[in-house]
Amino acid sequence: MHGGAQEYFGITPDLTTLGKIIGGGLPIGAYGGRREIMEMVAPAGPVYQAGTFCGNPLSMAAGIQTLKRLKEPGSCEHLNRITSELIQGIIDAGKRAGHEICGGCISGILGSDSAKYGRFHTGMLEEGVYFAPSQFEAGLTSMVHTPEDIRITIAAAEKVFRQT
1 MHGGAQEYFG ITPDLTTLGK IIGGGLPIGA YGGRREIMEM VAPAGPVYQA GTFCGNPLSM
61 AAGIQTLKRL KEPGSCEHLN RITSELIQGI IDAGKRAGHE ICGGCISGIL GSDSAKYGRF
121 HTGMLEEGVY FAPSQFEAGL TSMVHTPEDI RITIAAAEKV FRQT
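For the sequence shown, this note's numbering begins at 1 and goes up steadily by one.
Please note: incorrect hints may appear among the correct ones.
[Stated by the list, open to error] No more than 20 angstroms apart at the CA atoms, straight line, and that leaves these computed lysine to aspartate or glutamate pairs for EDC-like:
no., residue 1, residue 2
1, K71, E126
2, K116, E148
3, K68, E85
4, K71, E100
5, K68, E7
6, K159, E100
[Said to hold, decoys possible] Derived CB-CB ranges, DEER-like:
no., residue 1, residue 2, range
7, G98, G118, 13 to 23 angstroms
8, G10, P73, 16 to 26 angstroms
9, Q163, Y31, 43 to 53 angstroms
10, Y48, R162, 22 to 32 angstroms
11, M143, F9, 16 to 26 angstroms
Honestly, the hints are just simulated from the structure, not real lab data. Bear in mind the structure is a predicted one, so any value in this text is a computation, not a measurement. All C-beta atoms, glycine included, are put in the ideal place defined by N, C-alpha and C.
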């Protein structure tokens, strides 16, 4: 599956926007859409589009390499599998420790109160695992995460949940 949510849900949007994901986290963006919308953009149409990082060589090179990696057979399946394993592992670890917890692929730890998340974040750092410093930021897996990385992260979460 290389069409993301559009392919997964079987939808064809009028306009698609993509951010840093296509450049491995570097400043880059892209958009595309129906012909009649795209023909509104210069030079074909009156809408001018520009940005600070438009055509940035490093971002373009990273974008090309990221897209090449994502087109490799099994890449999206790998990401889906390790992400699902990580999410379910953290949820199970939290529940075993007596915490009310739920999660999904497109959310961070938004339902957490700030103090509780702060303790979780600090505990994970002490275990050598970096999570975003705010529960309002998303956590992301990548092509370089291995099953061992996921196992280590879940084990650390298990330990931290028992302590908090």
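Outcome of the hint check:
For the proposed pair K71 and E126, the alpha carbon gap of about 36 angstroms is over 20 angstroms, so the pair is violated. Restraint check: the Cα-Cα separation between K116 and E148 comes to about 27 angstroms, which exceeds 20 angstroms; the hinted pair is violated. Proposed proximity of K68 and E85 is contradicted: the alpha carbons are some 25 angstroms apart, above 20 angstroms. As the CA atoms of K71 and E100 are separated by approximately 38 angstroms, the hinted pair breaks the 20 angstroms bound.
For the hint pairing K68 with E7, the CA-to-CA distance comes to about 19 angstroms; that is within 20 angstroms, so the pair holds. Annotation: proposed proximity of K159 to E100 holds, straight-line Cα distance about 16 angstroms (limit 20 angstroms). For G98 and G118, the Cβ-Cβ distance of about 19 angstroms falls inside the hinted range of 13 to 23 angstroms, so the restraint holds. In this structure, G10 and P73 meet the distance hint of 16 to 26 angstroms, their C-beta atoms being roughly 22 angstroms apart.
At roughly 45 angstroms, the beta carbons of Q163 and Y31 sit within the given window of 43 to 53 angstroms. Look at Y48 against R162: about 56 angstroms separates their beta carbons, and that is not inside 22 to 32 angstroms. Taking the beta carbon of each, M143 and F9 are about 23 angstroms apart, inside 16 to 26 angstroms as hinted.
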